[in-house]
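Enquirer: Each chain, letter by letter, is given below.
2 protein chains.
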Amino acid sequence: MITTTDKTALLNDRFLRALARQPVDRTPLWLMRQAGRYLPEYRATRAKAGDFLTLCKTPELAAEVTLQPIDRYRFDAAILFSDILTIPDAMGLGLHFTEGEGPAFRNPVRTADDIAQLPIPDPEVELRYVIDGVRACKSALANRVPLIGFAGSPWTLATYMIEGAGSKDFRHSKALRYGAPALLKALLDKLTESVALYLAAQAAAGADALMIFDTWGGALDQDGYRYFSLASMGRLVDRLAVLAPGVPVILFSKGCGQFLLELSGTGCAGLGVDWTTNIGDARHMVGGSVALQGNFDPAALFAPPATIRELVAKTLDDYGAAPGHIFNLGHGILTNTPVENVAALVEAVHELSPAYHAAAADEAA
Amino acid sequence: MITTTDKTALLNDRFLRALARQPVDRTPLWLMRQAGRYLPEYRATRAKAGDFLTLCKTPELAAEVTLQPIDRYRFDAAILFSDILTIPDAMGLGLHFTEGEGPAFRNPVRTADDIAQLPIPDPEVELRYVIDGVRACKSALANRVPLIGFAGSPWTLATYMIEGAGSKDFRHSKALRYGAPALLKALLDKLTESVALYLAAQAAAGADALMIFDTWGGALDQDGYRYFSLASMGRLVDRLAVLAPGVPVILFSKGCGQFLLELSGTGCAGLGVDWTTNIGDARHMVGGSVALQGNFDPAALFAPPATIRELVAKTLDDYGAAPGHIFNLGHGILTNTPVENVAALVEAVHELSPAYHAAAADEAA
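Listed in order, the protein sequences are those of chains S and U.
Mapped onto my numbering, the consecutive letters of the first sequence carry residue numbers 1 to 365.
Mapped onto my numbering, the consecutive letters of the second sequence carry residue numbers 1 to 365.
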């Protein structure tokens with residue numbers, strides 16, 4: 001079993017090179033939620049597992065679905081199949097999934113006592129199945145491509161823990177954000193440390209890069225985003241620099257294009273960009289200081305293949321001839337996305353992107 | 001029955017003065033969806049009506065709920081109680097509401113034939129109940145405050161018509177946006193003309209200002225927003241300048257803070273601002289060329305009254321001592337918002353805002 005990573009052994013290191021803003025032969029590509037319900041082979045494994053949580057909690061099955069999109073599409077990175085709510089579950093909140101309704105917690109967290117009593121999980125104990133999943137993925141990947149470990153951002157995890165389920169308006173979380181900011185801060189501090197230990201354990205088990213999903217950062221007001229979400233992600237990056245030195249971190253705050261420059265100052269290696277921000281504008285905003293990952297509209301995968309090819313060309317052109325672009329969607333791939341349309345996207349990136357890197361190499365020469 | 005408006009007869013014209021960026025004694029205030037389920041008197045009228053659509057389609061009942069928040073909170077403007085989906089309903093799509101699931105259409109629109117066959121409704125015929133509702137509101141208001149008429153933006157209406165219901169990902173609308181842009185454009189053109197005639201009829205019946213809700217503009221990519229949503233709203237403002245000259249128009253694209261400057265160039269009188277953009281930043285972005293309406297986080301109304309007062313102070317301070325601010329939420333008021341918290345908001349705006357206008361008057365002197 002592989003438990004540490006020899007980066008030089010990777011057969012395809014485009015993703016890590018782009019993340020370090022080094023030259024590559026073509027733009028590396030992976031898709032958020034690439035192991036998912038749009039794939040028939042995923043649905044088969046899911047049926048075998050019985051339910052979503054069992055699939056997450058069985059390392060061999062998690063590794064099986066993690067590798068499916070690598071086998072089918074030759075993506076340049078694998079991302080551990082898991083869920084962002086594993087940490088609150090390990091804290092004892094009682095995670096469960098209701099078909100069609102999404103995740104819910106039996107014990108939401110709203111009072112000072114609730115927060116004070118939350119444990120910081122030991123990843124090798126309460127989250128052992130995730131860390132074993134990382135090991136199983138690394139072993140199965142056999143150095144074909146890098147493995148990305150991930151977690152939810154402290155703020156995004158806090159919203160689920162406070163609301164007790166997904167939410168459209170975050171009324172309970174916002175009641176704390178506005179009415180009891182010190183309480184929310186205490187919860188975020190606990191989550192920041194929990195996420196740091198969790199991601200460091202994933203890195204120790206072999207994850208080559210770490211990604212933090214701040215799905216609900218965009219629901220906050222500007223001050224709230226800076227103080228509660230961005231600041232806790234900044235502390236997280238600082239902690240990871242100590243706990244998992246040298247492992248690059250990608251931050252993704254959906255709906256937060258206005259904060260890209262501030263996010264780039266956290267010490268992260270890369271930033272996710274959603275489709276509402278032009279990726280060329282994003283590149284100018286961060287001035288080449290970090291890599292950018294994105295930003296194809298997931299719903300554009302419902303357009304015909306010829307259109308998808310044109311849109312890939314536009315995304316590549318918007319980013320331009322410079323290192324540091326990782327092709328991805330602007331959010332997770334949607335269920336019912338036609339598999340042949342994903343193939344068209346992959347083919348277009350493979351065929352159209354080398355020209356931009358040849359140009360970059362020429363400019364550098 | 002009053003069918004035309006004598007603006008000079010209005011007993012409270014703060015809202016219209018602020019919209020024209022003229023001096024006022026205090027910041028005018030109204031709330032999006034102020035006539036709604038958070039009010040016990042609304043729930044009583046709704047129960048009397050039986051269901052939501054009957055309430056919308058009965059002018060006397062619509063006027064009754066329109067005036068309820070004016071009576072309770074002395075808001076500075078009334079907004080017609082109605083729904084943005086009246087136009088698609090009048091086009092024959094078969095609007096219905098399912099409890100808990102929101103609006104849906106029996107006949108969604110997706111093909112060139114579907115779009116070609118859509119009629120442009122005559123507001124005084126197929127939407128007569130709305131125009132009668134405007135007349136009933138004007139009569140009941142008896143010039144206490146101005147009445148705002150409204151409609152959904154062409155893009156936002158198109159998303160419901162194409163999806164056949166509310167959507168999280170807009171996959172069918174985006175399939176047209178990317179794969180068949182000429183078809184989407186044809187639909188938007190028809191909607192733009194329908195909305196223009198509809199809003200002009202509301203103005204002719206007495207509406208003192210017109211607001212366009214682009215609830216789903218923020219779901220689009222940047223090019224898509226400019227070409228499909230912003231451009232159709234721009235044409236709409238141009239048409240209204242002909243069909244309803246002198247009646248000010250407010251545009252509100254939720255999640256589109258990055259486009260405020262471009263929106264300000266459409267010829268509208270004011271722009272809605274959601275809570276994710278700082279309203280002081282917004283003011284600097286538009287350089288005083290339009291009025292700004294917003295941008296209190298609706299979820300902040302779940303914080304304690306003392307916090308609400310502090311947040312009102314911050315919003316007023318962010319906007320600063322200048323004319324052209326209409327205090328509002330950054331989106332519709334949430335169900336279950338405590339009525340006493342709304343009272344705290346109203347009291348805070350009434351008590352804290354005059355200082356900013358005295359300062360503005362001093363600066364002007």
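Incorrect hints may have been included.
Identical chains share a label here; the pair holds if one copy fits it or two copies do between them.
With a Cα cut of at most 30 Å, we get these calculated DSS-like pairs of lysine-lysine [what the hints assert, rightly or not]:
hint	residue 1	residue 2
1	K185	K48
2	K254	K314
3	K314	K168
4	K57	K314
5	K190	K48
Please keep in mind that the hints were generated in silico from the structure rather than gathered at the bench.
In this text, all values refer to a predicted model and were calculated from it rather than measured experimentally.
Enquirer: Now tell me if each hint is right for this structure.
Expert: Status of each hint after checking the structure:
no. : hint           : in the structure
1   : K185 with K48  : neither (41 Å within a copy, 46 Å between copies)
2   : K254 with K314 : both (21 Å within a copy, 26 Å between copies)
3   : K314 with K168 : between (32 Å within a copy, 25 Å between copies)
4   : K57 with K314  : neither (40 Å within a copy, 46 Å between copies)
5   : K190 with K48  : neither (36 Å within a copy, 50 Å between copies)
When each numbered hint is compared with the structure, violations occur for hints 1, 4, 5.
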